[in-house]
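S.K.: All chains, please: the whole structure from these sequences, using the hints.
Protein chains in written order, with my numbering: chain U, 1 to 271; chain V, 1 to 317.
Just so you know, the hints here were simulated from the structure itself, not pulled from any lab data. Worth double-checking, as some hints may not be accurate.
Dumping the calculated EDC-like pairs for lysine to aspartate or glutamate here, alpha-carbon to alpha-carbon at most 20 Å [stated by the list, open to error]:
| id | chain 1 | residue 1 | chain 2 | residue 2 |
| --- | --- | --- | --- | --- |
| 1 | V | K148 | U | E39 |
| 2 | V | K148 | U | E130 |
| 3 | V | K153 | U | E38 |
Just so you have them, the derived chain U footprint on chain V, three or more residues with Cβ under 8 Å [stated by the list, open to error]:
| id | stretch |
| --- | --- |
| 4 | 39–53 |
| 5 | 58–68 |
| 6 | 186–195 |
| 7 | 275–283 |
Glycine is no exception: its CB is placed at the ideal position from the N, C-alpha and C atoms.
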Amino acid sequence: MRSSEPRAPLGLAFAATAGLLFMLLPLALIFLYAFSTEERTYQWPPPGLTLKWFAVTWGRVDVWQALTLSVQVASISTLLALILGTLCAAAVSGTKFFGRETISLLVILPIALPGIITGISLRSAFNLMEIPFSFWTIILGHATFCIVVVYNNAVARFRRLHGSMVEAAMDLGANSFQTFRHVILPNLGTALLAGGMLAFALSFDEVIVTTFTAGQQQTLPIWMLEELVRPRQRPVTNVVAMVVVVVTFLPILAAFYLSRGGEQTVSGMGK
Amino acid sequence: MTALAEAGAILPSRGGIVGALSDLFWRRPKLLVFLMVLPALLWLGIVYVGSLFALLLQSFFYIDDFSGLIVHEFSLRTYAELFRAQNLDIIIRTVSMAAVVTVASAIVAFPVAYWAARYARGPWKAVFYLGIMLPLWASYLVKVYAWKLILAKEGILNWLFEQLHITFLLDWWLSLPLIGGNSLSISYTGTFLVFLYVWMPYMILPIQAAIERVPTNLLDASADLGATPRQTFWKVIFPLALPGIIAGSIFTFSLTLGDYIIPQIVGNSQFFIGQAVYSHQGTAGNIPLAAAFTVVPIVIMVLYLWGAKRAGAFDAL
Numbered sequence: 001m002r003s004s005e006p007r008a009p010l011g012l013a014f015a016a017t018a019g020l021l022f023m024l025l026p027l028a029l030i031f032l033y034a035f036s037t038e039e040r041t042y043q044w045p046p047p048g049l050t051l052k053w054f055a056v057t058w059g060r061v062d063v064w065q066a067l068t069l070s071v072q073v074a075s076i077s078t079l080l081a082l083i084l085g086t087l088c089a090a091a092v093s094g095t096k097f098f099g100r101e102t103i104s105l106l107v108i109l110p111i112a113l114p115g116i117i118t119g120i121s122l123r124s125a126f127n128l129m130e131i132p133f134s135f136w137t138i139i140l141g142h143a144t145f146c147i148v149v150v151y152n153n154a155v156a157r158f159r160r161l162h163g164s165m166v167e168a169a170m171d172l173g174a175n176s177f178q179t180f181r182h183v184i185l186p187n188l189g190t191a192l193l194a195g196g197m198l199a200f201a202l203s204f205d206e207v208i209v210t211t212f213t214a215g216q217q218q219t220l221p222i223w224m225l226e227e228l229v230r231p232r233q234r235p236v237t238n239v240v241a242m243v244v245v246v247v248t249f250l251p252i253l254a255a256f257y258l259s260r261g262g263e264q265t266v267s268g269m270g271k
Numbered sequence: 001m002t003a004l005a006e007a008g009a010i011l012p013s014r015g016g017i018v019g020a021l022s023d024l025f026w027r028r029p030k031l032l033v034f035l036m037v038l039p040a041l042l043w044l045g046i047v048y049v050g051s052l053f054a055l056l057l058q059s060f061f062y063i064d065d066f067s068g069l070i071v072h073e074f075s076l077r078t079y080a081e082l083f084r085a086q087n088l089d090i091i092i093r094t095v096s097m098a099a100v101v102t103v104a105s106a107i108v109a110f111p112v113a114y115w116a117a118r119y120a121r122g123p124w125k126a127v128f129y130l131g132i133m134l135p136l137w138a139s140y141l142v143k144v145y146a147w148k149l150i151l152a153k154e155g156i157l158n159w160l161f162e163q164l165h166i167t168f169l170l171d172w173w174l175s176l177p178l179i180g181g182n183s184l185s186i187s188y189t190g191t192f193l194v195f196l197y198v199w200m201p202y203m204i205l206p207i208q209a210a211i212e213r214v215p216t217n218l219l220d221a222s223a224d225l226g227a228t229p230r231q232t233f234w235k236v237i238f239p240l241a242l243p244g245i246i247a248g249s250i251f252t253f254s255l256t257l258g259d260y261i262i263p264q265i266v267g268n269s270q271f272f273i274g275q276a277v278y279s280h281q282g283t284a285g286n287i288p289l290a291a292a293f294t295v296v297p298i299v300i301m302v303l304y305l306w307g308a309k310r311a312g313a314f315d316a317l
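M.R.: Here it is in structure tokens:
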């Protein structure tokens, strides 16, 4: 069993640690800058630390509006994705039928192609059909690429759910709906929760498709993009950036604990 | 019980609409499958594929030079526009950047993935997992913003160079043609670093998955047959990890091709494909040319995927 506990070469240890630091340090920097007293530049090291900007950000109406819109969009898109994704996963995993492969390809396509293609094709379609840009056009775009996250999670779980359990429930007198409510749904529960949270995180963070499908509305990422292109009040942006990091990390950590059972849920997903 | 026994082997049909539906689904499972697939199929088919085709269709229209209006006739004129020097420059610039980012991220990602797959045990496994997952799922804009902070003139990187008294190295680097510029945040070097950072997790994950699948007894056999660790690495592990690298390169390459926000925020004012698409559909109102530009990454990616499939990269996803 010598090889199962190998000792790493020094060079590898160094390169791996450096790589990991490269990944994590920029995020740590975001946390530090949120407390900086500097107002006009990105000066390092920060001249002083303060909590003042948290209070200022708390009082900003535009930040609250953007946050509210983002939460609304993400909630509705997640709900739609949960319904569409779960139904589709149930159909694809339960049976073999003509066009099954095509459907899985269709579900994955919105996330496999670059976001700009999804964005511009939706925008030009809205223009062609003369649909005005609104809250609902944003949701139309978001739900489209959220389906795949729910679908992937649900398909993985359906694979482990034995058909015999469904048959047993029906043999014992449950109808299709009772079987769904009392047998299938409890088994799917955590997978749907993990998929739903990831869909929420994906929608909450999405900017590329949103720039094409939003009219005057500002979601939080759009607000952030405005600040990046034309900085107005940098300390407020610093605080918002930190809050966004915390908000996206919580579902990831939760999904990590929920899905430790062995299936891949968080990995391998593009944006 | 008695009622059931009297009814014999065949149960009486359940009453009510719910029962009737339930019985129907049981007798015709195909109908249930159809009804379950239908909503998603309609949604994706109409909203997504419909718009995609509408877009592709518009790339065959063209803008009339005099009136500036879109002429709705089939023509390849817009595609010919792509080969004009300025547009060709944009395509070459984007593809070269995607290639450099892909190669560099493979080099940086490999040791991390290798360590995570073969040496990380116990709590370190979790540290590596979260160390890769958190940057993957952290907000894209926040990651770009973090690099704006790092690369700024008064930021941490310049400060670090100053503290180490090697600012002359940075100045020398920035004085180089093409990759240099007035400062890091408005040079191709800056754009490259941000791309590298943002797509890194997409490269690490498939490589890690590929290395994790290499059976340990293969490595034992290699050592038993007299190979040095170095030989085992190059002759056994690396060839088996290669499909993972190719799979990761699909992500880094495709994502760099389609991005338009990073070069807009960190970089000089030269356009990338994504920016060209954005500006043509927006202020310029030249939807046909914007549509033709989006066809470029699609074509490149189809060729790339075809090549990757032949190299067996899809088994590593």
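S.K.: Now tell me if each hint is right for this structure.
M.R.: These are the hints, each one checked on the structure:
{"no.": "1", "hint": "K148/V <-> E39/U", "in the structure": "15 Å, holds"}
{"no.": "2", "hint": "K148/V <-> E130/U", "in the structure": "38 Å, violated"}
{"no.": "3", "hint": "K153/V <-> E38/U", "in the structure": "15 Å, holds"}
{"no.": "4", "hint": "39–53", "in the structure": "holds (count 12)"}
{"no.": "5", "hint": "58–68", "in the structure": "violated (count 1)"}
{"no.": "6", "hint": "186–195", "in the structure": "violated (count 0)"}
{"no.": "7", "hint": "275–283", "in the structure": "holds (count 3)"}
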